Amino acid sequence: NAGVTQTPKFQVLKTGQSMTLQCAQDMNHNSMYWYRQDPGMGLRLIYYSASEGTTDKGEVPNGYNVSRLNKREFSLRLESAAPSQTSVYFCASSELRGSQFTQYFGPGTRLTVL
Amino acid sequence: GQQVMQIPQYQHVQEGEDFTTYCNSSTTLSNIQWYKQRPGGHPVFLIQLVKSGEVKKQKRLTFQFGEAKKNSSLHITATQTTDVGTYFCNGGYNKLIFGAGTRLAVHP
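Going down the list, the sequences are from chains A and B. Residue numbers in the first sequence follow our numbering, run continuously in steps of one, and reach 158 at the last position. Residue numbers in the second sequence follow our numbering, run continuously in steps of one, and reach 439 at the last position.
Rather than coming from a laboratory, the hints here were simulated on the basis of the structure. Please note that a few of the clues may not be correct.
[Stated by the list, open to error] Derived PhoX-like pairs: lysine-lysine, alpha-carbon spacing no greater than 25 Å straight-line:
1. B:Lys388 <-> B:Lys401
2. B:Lys426 <-> A:Lys101
3. B:Lys367 <-> A:Lys53
4. B:Lys382 <-> B:Lys401
5. B:Lys390 <-> B:Lys426
6. A:Lys115 <-> B:Lys426
7. B:Lys367 <-> B:Lys426
8. A:Lys115 <-> A:Lys58
9. B:Lys382 <-> B:Lys426
[Unchecked claim] For the chain B half of the interface with chain A, some residues (derived, Cβ under 7 Å), not all of them:
10. Tyr353
11. Pro370
12. Gly371
13. His373
14. Pro374
15. Tyr424
16. Leu427
17. Gly430
Small disclaimer: the values here were computed from a predicted structure and weren't measured. Backbone N, C-alpha and C define an ideal beta-carbon position, used for all residues, glycine too.
This is chain B alone, in the form it adopts within the complex (with noise of 0.2 Å):
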């Protein structure tokens, strides 16, 4: 069946370092959805991608698409304390497999 692999799982930063986490798929994607978890809270949409080598941005975050639909990264640009969470990807549309998530420290 169709797998999500995220890396990496763990990253630490200092402040005003970049950060970027890969999402993997074996299966082609209609689709992908980045989602950001606060320690202890719920995960929150922040995008979604569809078309192949799409480049969104966010303020800090860069989000993009592989030109084969397999691929996905966020790349967050000189990270403050407030980007501290877990970044999940996740593809399709019922059906949603989820990444692991690549969970970001932040020091000051």
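Bound conformation, chain A alone (with noise of 0.2 Å):
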């Protein structure tokens, strides 16, 4: 059971580049989330899928899309990099059962865009 994966760990982009972020859970969870983390900051949300076949907006949408490819997998696509999206990204899903949520992050992708 990895939990929730990442790829890659690392990127380097030039800006105006594009790249996709995957990422992977298989805890059969129906919502998946991207967030970024500044330095020194919280995270925020930039998009959300709360079941498969479903995505939404979160705080910090823009310059980034998303595809809920199914249950499992879930990216994040940068068309064309900014400086102001060097960030850590982390990818995290959750399970509601009742009332009881609990949220899985993956390790982060770590971008840094010149």
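Two chains, two frames, some hints: make the complex.
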């Protein structure tokens, strides 16, 4: 049981380049999330997917697109990277049993845009 | 929109001292979750509180949810160096709003 996995772990891009961050979970969770964390800051929600086939904007969606490929996988795409998108990106998934909610995070992708 | 504020932003303590961080929301929360993030690591879920006035304990950690469900606290008794990290609170289920976190440094 690997939990939440993310690839790549590190990435350096030039301004204007595109890339896709991959995320997968093997816990059969319905909900998945993408966050960004800037140095010394909290987590800001970019997009989330409450179930397979649905996605919704979070707090900071501009400059990003997402795809919920299937129940396991939720990818984040930067179409034209900008230096302001330099950050650590965390993917997460969650389960809700009754009112008991638990969220699990992946190890993160450290992205630098030059 | 909903905002979650955490205080203090940073605290350093001597090992063995107690530590408390507070989380305050501008709106009533359905639930509150607490997470710990070690330096260079990813957030790890600690606990969820759902009921008004709820108190839960995990060894030296005590979590409390306010009566009005707009604030919460995390108290660590007799801190250890293993408690170092940033503690985040978060409310909601899907469109989750995290506080900026409280960074705890523990000096041996």
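Hints, one by one, checked against the model:
no.	hint	result
1	B:Lys388 <-> B:Lys401	holds, 20 Å
2	B:Lys426 <-> A:Lys101	holds, 8 Å
3	B:Lys367 <-> A:Lys53	holds, 20 Å
4	B:Lys382 <-> B:Lys401	holds, 11 Å
5	B:Lys390 <-> B:Lys426	violated, 30 Å
6	A:Lys115 <-> B:Lys426	holds, 19 Å
7	B:Lys367 <-> B:Lys426	holds, 20 Å
8	A:Lys115 <-> A:Lys58	violated, 32 Å
9	B:Lys382 <-> B:Lys426	holds, 20 Å
10	Tyr353	violated, 15 Å
11	Pro370	violated, 11 Å
12	Gly371	violated, 9 Å
13	His373	holds, 4 Å
14	Pro374	holds, 5 Å
15	Tyr424	holds, 6 Å
16	Leu427	holds, 6 Å
17	Gly430	holds, 6 Å
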